[in-house]
Structure formats: structure tokens, C-alpha cells
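There are 2 protein chains.
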Amino acid sequence: MLKCLKCGKTHRGFKIMCECGGILEYIDEKSGNFNSLLKRQFLDIRRYLNFLPAKEEFLPKLTPPVTPIVEREIKGVKVFFKLDYLMPSGSFKDRGTYITIAKLKEEGIREVTLDSSGNAALSLALFAKSEGIKAHLFIPEHTSEGKKRLLKLLGAEVHEIEGSRMEVHERAKNYQGGVYISHWYNPYFIEGTKTVAYEVYEQVGSLDYALAPTGSGTMFLGIYKGFKDLEKLEKVGIPKMVAVQGKGYESLCKRSAEKSQLAEGIAIPNPPRREQMTEVLKNTKGTCVSVGDEEIKNALEELLSMGFLVEPTSAVTYAGFKALLEKEYFERGSRVLIPLTGSGLKNI
Amino acid sequence: MLKCLKCGKTHRGFKIMCECGGILEYIDEKSGNFNSLLKRQFLDIRRYLNFLPAKEEFLPKLTPPVTPIVEREIKGVKVFFKLDYLMPSGSFKDRGTYITIAKLKEEGIREVTLDSSGNAALSLALFAKSEGIKAHLFIPEHTSEGKKRLLKLLGAEVHEIEGSRMEVHERAKNYQGGVYISHWYNPYFIEGTKTVAYEVYEQVGSLDYALAPTGSGTMFLGIYKGFKDLEKLEKVGIPKMVAVQGKGYESLCKRSAEKSQLAEGIAIPNPPRREQMTEVLKNTKGTCVSVGDEEIKNALEELLSMGFLVEPTSAVTYAGFKALLEKEYFERGSRVLIPLTGSGLKNI
Numbered sequence: 001m002l003k004c005l006k007c008g009k010t011h012r013g014f015k016i017m018c019e020c021g022g023i024l025e026y027i028d029e030k031s032g033n034f035n036s037l038l039k040r041q042f043l044d045i046r047r048y049l050n051f052l053p054a055k056e057e058f059l060p061k062l063t064p065p066v067t068p069i070v071e072r073e074i075k076g077v078k079v080f081f082k083l084d085y086l087m088p089s090g091s092f093k094d095r096g097t098y099i100t101i102a103k104l105k106e107e108g109i110r111e112v113t114l115d116s117s118g119n120a121a122l123s124l125a126l127f128a129k130s131e132g133i134k135a136h137l138f139i140p141e142h143t144s145e146g147k148k149r150l151l152k153l154l155g156a157e158v159h160e161i162e163g164s165r166m167e168v169h170e171r172a173k174n175y176q177g178g179v180y181i182s183h184w185y186n187p188y189f190i191e192g193t194k195t196v197a198y199e200v201y202e203q204v205g206s207l208d209y210a211l212a213p214t215g216s217g218t219m220f221l222g223i224y225k226g227f228k229d230l231e232k233l234e235k236v237g238i239p240k241m242v243a244v245q246g247k248g249y250e251s252l253c254k255r256s257a258e259k260s261q262l263a264e265g266i267a268i269p270n271p272p273r274r275e276q277m278t279e280v281l282k283n284t285k286g287t288c289v290s291v292g293d294e295e296i297k298n299a300l301e302e303l304l305s306m307g308f309l310v311e312p313t314s315a316v317t318y319a320g321f322k323a324l325l326e327k328e329y330f331e332r333g334s335r336v337l338i339p340l341t342g343s344g345l346k347n348i
Numbered sequence: 001m002l003k004c005l006k007c008g009k010t011h012r013g014f015k016i017m018c019e020c021g022g023i024l025e026y027i028d029e030k031s032g033n034f035n036s037l038l039k040r041q042f043l044d045i046r047r048y049l050n051f052l053p054a055k056e057e058f059l060p061k062l063t064p065p066v067t068p069i070v071e072r073e074i075k076g077v078k079v080f081f082k083l084d085y086l087m088p089s090g091s092f093k094d095r096g097t098y099i100t101i102a103k104l105k106e107e108g109i110r111e112v113t114l115d116s117s118g119n120a121a122l123s124l125a126l127f128a129k130s131e132g133i134k135a136h137l138f139i140p141e142h143t144s145e146g147k148k149r150l151l152k153l154l155g156a157e158v159h160e161i162e163g164s165r166m167e168v169h170e171r172a173k174n175y176q177g178g179v180y181i182s183h184w185y186n187p188y189f190i191e192g193t194k195t196v197a198y199e200v201y202e203q204v205g206s207l208d209y210a211l212a213p214t215g216s217g218t219m220f221l222g223i224y225k226g227f228k229d230l231e232k233l234e235k236v237g238i239p240k241m242v243a244v245q246g247k248g249y250e251s252l253c254k255r256s257a258e259k260s261q262l263a264e265g266i267a268i269p270n271p272p273r274r275e276q277m278t279e280v281l282k283n284t285k286g287t288c289v290s291v292g293d294e295e296i297k298n299a300l301e302e303l304l305s306m307g308f309l310v311e312p313t314s315a316v317t318y319a320g321f322k323a324l325l326e327k328e329y330f331e332r333g334s335r336v337l338i339p340l341t342g343s344g345l346k347n348i
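Chains as they are written, first to last, in UniProt numbering: chain A, 1 to 348; chain B, 1 to 348.
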């Protein structure tokens, strides 16, 4: 069941917004014990099927893995890097796309529209192609040629839009060609990304802090939602949530004059779920930090030297971690999650 | 314990060849029950630590995942695609590198030499970098600039060699700079790749056929060795092994006049483990099939349309499957493994 965060009205089926303009959240009244609800015969995302709004018969054939965690001790803090770029399309977006596609199939929707600067578009194009769903993709004109070629190769109808990321979004929203499934709004997307929390809990237990690169907030809100479930089912404590943003595009921290170029994947100054994210920061006593290109570049180099082949937007999170570490934000011995969200292989 | 397949002499430590020139195999006298030896607290390669010649304290920090399987029914045959390209360096080689590095660390070896046309070099460079091991990499001069740049960025000492793949191999073998760890010979590499079989067995049970892209044979022999273990521990039947090779570079099928360009990752006309592979084909009543560029190109397109972003060498295996399907090689209802070995993201 979907519930409007503004007027409280409930909805069924696939919907990305309430008639009142409010943001929707998927509500599940699951109860029981986390461990006993696990589908242990699966070593992939289907382990968590009992917690997901997807019926087995509608699941996409393409299946996201459980991504590995690499543990490192950094200046007295226990860091858990989650390699969420090891996904079929090279980014964590596949989690959200997986559940979204399952719901679209259940509802019989075969033609969709999405706007994205890159990873979400590639993820949708890949899953849509493999399920025979028609995808209209609105992307900024300056998207790399290689990415555009790949999207077309995957059979997507690509609409290149001149202008800012917000203009791309407006054009997609008003397009008449397919059901608009914006991952900024789509509540099913977060139902997919919340599996990160389930995996982390199975892999390393509870956390004190969870960082997330935060533009539209699909990873940030997903991690939080997953831990909310775990709190209810297992009495696991919810980590303090830390939003890391790119300078010049902050929506939760104070807006900087400097504009980051490298954080392109999260350069979203007005995310629709901003209020929801502010609420999470408050509820978990978390914080927001923003970083610039110099810090991102350094973080990317360090990640590479630890063996993580990630793209610059992924390095934002580690840069934020380092900035907070510098300020002695984390208590000694804290357990901190740093999800690494996008593959760097495509930038070779 | 390592055993020479020629003279029978046994060895300990890290060694890639017997003094007599014979190929080495790692021998383990593991007994017991597969399921009870699993380390179920891990959802990654460490699940199988009890079957691997690696001590926990020497394992690399960078951890390969359990890769997902996608099941498809193709003309009456049950095909299991294993997404083994969803690895830290983008190829299945990470399995072999992982165990090799563990053994090198155990033996205190901090400087190594390898020759590779691509994926094995990238895999070693990544793991070596993250463990502070110095890597000398011998690669063909015509390797793509992007790949060369990445290897250097990872701190490897790159030696570009003019000439054929066999010449690159000769130059590396005779180099005096570090311990030579050729994955063509290195028995620990196969100890890593054999985990594919363990995963497949946990994920979907037993198979009738297992295909593998076959150049030096690290995947082919790994799958076989893993199933040999499973036969001993669980009485699981060993699948018929099918080697798929590129035309013009066959070592197990009849050599073609046509030379495949797209199967570059397996263009190894004289692999050191050829005899061992011939033996496996005989023992399992398997077969060898070779494919040309036209077939590989078509197979690659079909794989992409199923949502698999793989590189051309990965498509060789599916091309081989289609060629055998055409000849009605597989019985109706057969269960067939097709590992997809290398990511296509790096070719965008």
C-alpha cells in the first residue's frame, strides 16, 4: 500500500505521486522475525523477497547480487565499504530498477519514461530491454557519447535535452509517450534500495553511522528504510544517517558558492524528497556534509589504491567521511557504512 | 600440497612448475560433508574457505562476491547464465587472483611478474595495489590505451611487448624482476576459479553440461575441479565439460583457417595445460567447439538484449552453445551452465 506523506491518502498499484502533489511511501505491515523471513536458498537479492513489494512471478530475470563488504580500519574508525557498483548495469540503481520493473510487470505497464543524468537511465535501459519494456529516456545533451550509444544499443528511445538537469526533468514529466516513473518520486525504487540495509545487517551486523551520496536521496532513504524495518523486526538500532552532497548543489547542507563538477550524479539542488530526508537527519541525529572537486579527486585516488574501481560520484561519500573524520565527528571504534555506488570501468 | 602431473613429485609453498617441467595441481584431502563445511556467515567467496588453500589471515581485503545466476529456457534447454563479470576488476579472473594473492602473502612474496592480454593483468594490478604488492605486467603493445592507462594508474610496472601473445609470455618468463606467477601455470589460480562450481551447486544444484571459454583453461579446469570436489563430498554428478574456443586458435578442437579477432582473451594456441584439458574432455565425455567472429558478434547482441553487459570474449561461450544447439547436441530439458566472464562496461 502507498501512503501520501502530505495528505495521508492511501493508494494501490503503480503511482509516483498523490493527486494532492504529495510524495508517496510504500507501507508494509510485515511482522515476525527477520531471520525466519529470509529466503536462504537464494544468495542474491531474492533472499529478501518477503520484505519486498514484488511477486515472484513478476521479478525481472536479471538478478542483482548481494554485494561484498570490505572492512578497513581508518584512524580508529571501523569502515565498511559496500561494493554496490558490482551490479548488472554498474550501479546501485539496479536495486531500485529491479523492484520497479516487477511492479510495472504486475500492473501490465509496458512503456515508460524516465529522466536521468546517467546511471538510472542505463539501469532502466538494461532491465527494460531484457523484459521487452519500451523505455523513453530523457538525458542532458552533454551526456558522454559512449553512454548515449549504449542506451541506443539497448533499444531505448533517447531524448537529448539542452539545459540544466531540472529542465531535463520538466521535459520528461510533461512527455506523453509512456508512464512517467521518475526515480526521484517513485516509491518502489526505495523499496529496492532498502535491501542494502538488510545485506549489511546480515554481513556485518549493526552500525553507528551510515553515509550516503545524496542527490535525489534514493540510497540515503533506502538505507534508512531498511534499518527502520530491522528495528521493528529485530530491535536493531538505526545508524545515524549522514548525507554527503556535492558543493554548489546542496539541498540539506548550506549551499556553497563553489560548484562541484565531479559530483554530477548527485547535482540535484531541489530533490522532491527533501523534507523526508530532513526528517531522517533529525530522527537519527545525523548530519549533512558537502565536498568539492579537490576533495573528491583525492578520495577517488585513495579508493582506487584500496582496489575500488569506482566513478567520481562514488568518491563523494568517502570524501565526506574524510572531512568528518578530520573534525573528529566519529567516536573511536565507531562502525561506519560507506556504500560505493557506481563503477569506474565505464570511464576507462 | 602441490603435485606434479608428470613425475608425481610433491611440493609445498608457492610454485608454478615442477623442476621436471611438469604442470602442478593442488591436492587437498578434504573430507566430510559439503554443506557442513560451508561458512554460511559469509555471503561472498569466503563461504568456501574450508575448501581453499588460503588462510583467513592472509586473504586479500578486496572480496569477490557470489555472482548471480540468470535462468533462461532456450529451445527446450535450461540455461544458467552465471554473471561472473560482476567482479571487482570486471572479470572472473578475480577468483584466481584472490587465492593467488593469499598464498603470496603467506609466503612473504611482495614482487611478482605476470603476462596477460588484459583481464588477468587488470585483476592482478587491482589486488596487488590494494595489498601493497609490486606487479610487473607484460602485455601486448596493441593493448588499448585506456587499459594501459588504468594499469599504470594502479601503480603496476607495465612492459609493452611487440609480437604475438606467445612472445609476450616468453619475455615475462625470462624477466628477472619478480616471482613469475603466470596464471597459465599457477595451480592456485584454479583453486580460486573452482569456486564457480560450488556457487552453482548452491544456487541451482547439479548440471548436465558446463561450457567454458577456453584459452589457457583457468575457467574450464576450475569448474571441473570444483565439481570433482562436489562429487567426492556430496556425490554430485560431474557435468559434461564443453570447451568453447575462438577459430584459428583452437588447442582442443581442430584448428581452423579463419582467425577470430573478437575472441582475443582466449587466443592461446598452445596452452600449457592442454593435456590436462584433453583428459577432462575424455573423462566427462564432453566436447570442444570453436566459433568465428560472425557468430560471436551475433551472440554478443543476443546477450546484450538479455541484459548482460559483457565483452566479446564472453560471448564466445554463448556462440558455442548456439552452434551445439543447432546440431541438437543437448538433450531436451538439459541443464547447461554458461559462465559470462568479462564486463563490457570497459568497452563503452
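There's no promise every hint is true.
The list treats identical chains as one, so a pair stands whether inside a single copy or across any two.
Claimed, not checked - In silico DSS-like pairs for lysine-lysine, Cα to Cα no more than 25 Å straight-line:
(1) Lys6 / Lys228
(2) Lys327 / Lys254
(3) Lys297 / Lys147
(4) Lys147 / Lys9
(5) Lys148 / Lys3
(6) Lys39 / Lys147
(7) Lys9 / Lys232
(8) Lys147 / Lys3
(9) Lys3 / Lys39
(10) Lys254 / Lys78
(11) Lys105 / Lys285
(12) Lys282 / Lys147
(13) Lys259 / Lys3
(14) Lys297 / Lys78
(15) Lys75 / Lys322
Simulated from the structure, these hints should not be mistaken for lab results.
Note that the structure is a prediction, hence the values are computed from the model and not measured.
Which of the listed hints are not met by the structure? The structure conflicts with hints 4, 5, 6, 8, 9, 10, 11, 12, 13, although it agrees with all the remaining ones.
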